[in-house]
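*Asks:* This is what each chain is made of:
Number of protein chains: 2
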Amino acid sequence: MSLLVVGSVALDSVQTPFGSTADALGGSAVFFSMAASLLHPVQVVGVVGNDYPMDRLERMTKRGIDLTGVEHAQGESFRWKGKYSYDLQNRETLETRLGVFAEFKPQIPKEFRGARHVFLGNIDPELQISVLDQVDDPALVACDTMNYWIEGKRDVLMELLRRVDVLLVNDAEARQLSGDWNIYRAARWILTHGPRFVVVKQGEYGAVLVGADGIFYVPAYPLEQVFDPTGAGDSFAGGFLGHVARSGDTSGENLRRAMVYGSAMGSFAVEAFSVDRFDELTPDEVTERVRAFSELVRFDMPPVTESA
Amino acid sequence: MSLLVVGSVALDSVQTPFGSTADALGGSAVFFSMAASLLHPVQVVGVVGNDYPMDRLERMTKRGIDLTGVEHAQGESFRWKGKYSYDLQNRETLETRLGVFAEFKPQIPKEFRGARHVFLGNIDPELQISVLDQVDDPALVACDTMNYWIEGKRDVLMELLRRVDVLLVNDAEARQLSGDWNIYRAARWILTHGPRFVVVKQGEYGAVLVGADGIFYVPAYPLEQVFDPTGAGDSFAGGFLGHVARSGDTSGENLRRAMVYGSAMGSFAVEAFSVDRFDELTPDEVTERVRAFSELVRFDMPPVTESA
Chain A
1 MSLLVVGSVA LDSVQTPFGS TADALGGSAV FFSMAASLLH PVQVVGVVGN
51 DYPMDRLERM TKRGIDLTGV EHAQGESFRW KGKYSYDLQN RETLETRLGV
101 FAEFKPQIPK EFRGARHVFL GNIDPELQIS VLDQVDDPAL VACDTMNYWI
151 EGKRDVLMEL LRRVDVLLVN DAEARQLSGD WNIYRAARWI LTHGPRFVVV
201 KQGEYGAVLV GADGIFYVPA YPLEQVFDPT GAGDSFAGGF LGHVARSGDT
251 SGENLRRAMV YGSAMGSFAV EAFSVDRFDE LTPDEVTERV RAFSELVRFD
301 MPPVTESA
Chain B
309 MSLLVVGSVA LDSVQTPFGS TADALGGSAV FFSMAASLLH PVQVVGVVGN
359 DYPMDRLERM TKRGIDLTGV EHAQGESFRW KGKYSYDLQN RETLETRLGV
409 FAEFKPQIPK EFRGARHVFL GNIDPELQIS VLDQVDDPAL VACDTMNYWI
459 EGKRDVLMEL LRRVDVLLVN DAEARQLSGD WNIYRAARWI LTHGPRFVVV
509 KQGEYGAVLV GADGIFYVPA YPLEQVFDPT GAGDSFAGGF LGHVARSGDT
559 SGENLRRAMV YGSAMGSFAV EAFSVDRFDE LTPDEVTERV RAFSELVRFD
609 MPPVTESA
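Chains A and B supply the protein sequences, listed in that same order.
Okay, so the first sequence: first residue is 1 according to my numbering, each after it adds one.
Okay, so the second sequence: first residue is 309 according to my numbering, each after it adds one.
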């Protein structure tokens with residue numbers, strides 16, 4: 001039940017109130033696969049420039065992440081530089097240098113084309129469609145997108161959505177895409193345009209899964225220390241798809257569990273810079289955090305006796 | 309197990325994208341008691357001016373709400389006028405006329421002094437303390453406050469907190485009070501200053517209960533139509549305290565259930581202007597919505613088999 005991700009492999013320079021990183025591992029495919037690989041092997045398709053510190057990707061291959069689909073192109077690697085506010089609520093992009101990512105044309109290696117589960121990281125929807133044209137018959141396709149494509153390539157994005165099972169977006173993106181500020185109406189609108197499920201991520205609050213058969217809410221894990229929110233969304237997607245791929249179960253019931261794995265992985269991601277937290281993370285720690293969600297939302301409603 | 313609320317009895321004029329009201333029933337004691345009275349009888353202490361449309365309070369007495377503690381003073385009633393943004397995310401206060409509320413000195417009628425459960429609505433912490441001086445020995449005291457008192461009467465507020473079991477605030481208030489932007493650290497700080505439990509309300513997202521023995525998260529009920537957010541917090545408090553008073557159980561386990569009743573009542577409040585939604589509301593509808601929360605957060609985590 002192979003799991004394929006197509007997305008960016010980048011170098012992030014991030015400033016938070018707690019410190020900063022320079023050219024640290026980043027990008028949607030990196031966060032996704034570091035999170036997902038704790039649950040299931042991952043195949044990555046992406047591109048790096050000839051300046052990319054390939055030795056530092058060993059931490060990924062060590063995790064069973066297959067990087068043979070990462071193209072090595074002449075030029076600079078994708079770099080992103082950002083700065084967070086004192087309370088991590090807002091971030092400012094200081095610099096984006098696309099480098100070789102600007103010309104990225106995903107080529108899915110022959111041995112990846114039978115992927116059963118596919119995550120399309122946030123790239124041009126035309127490229128996301130080209131990925132789907134290259135894979136055989138996945139059981140579940142999930143994708144991310146962003147304001148830039150919603151505004152600039154709406155028609156292509158809508159064409160993509162018709163071929164996608166799960167759209168994972170944040171609340172602002174769901175609102176922009178649907179033109180509706182109510183996220184539940186927005187999700188319902190999206191459901192009429194292709195996806196069977198919509199995941200609306202709400203950052204520090206949690207995330208909502210909306211499908212034809214109901215709504216599921218998972219809170220964010222309560223953290224007293226957040227170091228760097230970068231990559232939380234892609235790590236969420238990694239936990240979500242990693243669980244689906246591991247179980248091979250795409251039912252709504254199982255997607256509820258996938259949401260909990262997503263929220264757990266998102267919470268690990270923000271506990272350290274870059275993907276550092278995933279290096280040391282053990283399957284037991286993942287299981288423990290996932291189980292903590294049961295306690296976080298647990299309540300027993302006894303038969304109501306009306307004394308009023 | 310009587311339930312006492314002390315707070316404002318006001319006239320609200322509210323503009324939302326969906327319409328407007330003029331001099332509608334409002335105020336913390338009104339929202340609180342309309343919500344709570346669906347679960348348990350409520351005793352109200354407050355003040356109105358001689359211009360208050362007393363006949364319109366019949367909807368409260370009809371609900372078993374005891375208004376004999378509402379003082380009739382010479383002068384104008386408390387009026388608030390506000391306007392919400394198109395997405396209901398922001399509101400602007402257009403006018404506040406305290407009227408007789410400016411001179412409000414809560415007098416707890418003798419027959420209310422044995423109250424087992426007390427909610428101190430958002431008023432001057434000096435007055436909140438004076439209420440506690442007048443009641444015998446409540447099993448649980450909960451209070452609300454706001455930025456104005458946190459800034460202007462911090463010392464008195466901290467004195468009040470030492471006598472309170474549950475503080476219910478929104479996230480901005482928790483941050484301001486503790487000086488910490490992380491709401492879990494903020495809540496823990498508050499727990500070291502008196503209350504056994506802190507409820508941090510997060511508006512459209514949900515609410516968190518933090519106590520020494522754990523954290524409980526209840527999402528906001530997913531609504532596709534929100535008409536008027538006014539009074540959601542006080543209705544939450546009404547559901548919370550109403551459940552506690554009805555059950556007579558102040559354990560952490562039962563406060564989890566109380567949170568769900570709180571979130572349910574908050575969701576009803578915003579479905580109509582003023583307290584209109586509570587007029588027609590039946591105990592069955594309340595039970596149905598409370599039970600829907602179980603489904604909203606339900607997931608079954610089967611024994612994990614590591615195939616990775």
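Everything labelled a hint here was simulated from the structure, so no lab data went into it.
From the three backbone atoms N, C-alpha and C, an ideal C-beta is built for every residue, glycine too.
Take these hints with a grain of salt, some might be off.
[To be verified] Residues of chain A placed beyond 10 angstroms of chain B at every Cβ, according to the derived structure:
(1) A73
(2) R91
(3) K110
(4) D155
(5) E159
(6) D165
(7) N170
(8) G194
(9) P219
[Claimed, not checked] Derived coverage of chain A by chain B (criterion: at least 3 residues anywhere in the stretch with Cβ under 8 angstroms from a Cβ of chain B; other residues may be distant):
(10) 179-190
(11) 251-260
(12) 290-298
*Asks:* It remains to establish, for every hint, whether it holds in the given structure.
*Replies:* Hint-by-hint comparison with the structure:
Even its closest Cβ contact with chain B, about 30 angstroms, leaves A73/A beyond 10 angstroms, as expected for a residue assigned away from the interface. Distance to chain B confirms R91/A as a non-interface residue, since its nearest Cβ pair spans about 15 angstroms, more than 10 angstroms. The Cβ of K110/A sits about 24 angstroms from the closest Cβ of chain B, beyond the 10 angstroms cut-off, so the non-interface label holds. Against chain B, the non-interface label of D155/A holds: every CB pair exceeds 10 angstroms, the least being about 26 angstroms.
Listed as a non-interface residue, E159/A keeps its Cβ farther than 10 angstroms from every Cβ of chain B; the least gap is roughly 27 angstroms. A cut-off of 10 angstroms between C-beta atoms confirms that D165/A is not in contact with chain B; the least separation is 19 angstroms. The beta carbon of N170/A is kept farther than 10 angstroms from every beta carbon of chain B, the shortest such distance being approximately 13 angstroms. With a minimum CB-CB distance of about 20 angstroms to chain B, G194/A clears the 10 angstroms threshold, and the non-interface call stands.
Look at P219/A: its CB is around 4 angstroms from the nearest CB on chain B, not clear of 10 angstroms, so calling it non-interface is violated. Beta-carbon proximity to chain B at under 8 angstroms applies to 5 residues in the segment 179-190 of chain A; the threshold of 3 is reached and the given coverage holds. Coverage of a stretch by a chain is defined here by at least three residues with a beta carbon nearer than 8 angstroms to that chain's beta carbons; for the segment 251-260 of chain A and chain B the count is 5, and the condition holds. Coverage of a stretch by a chain is defined here by at least three residues with a beta carbon nearer than 8 angstroms to that chain's beta carbons; for the segment 290-298 of chain A and chain B the count is 8, and the condition holds.
This entry does not satisfy hint 9, going by the numbered hints stated previously; all others are met.
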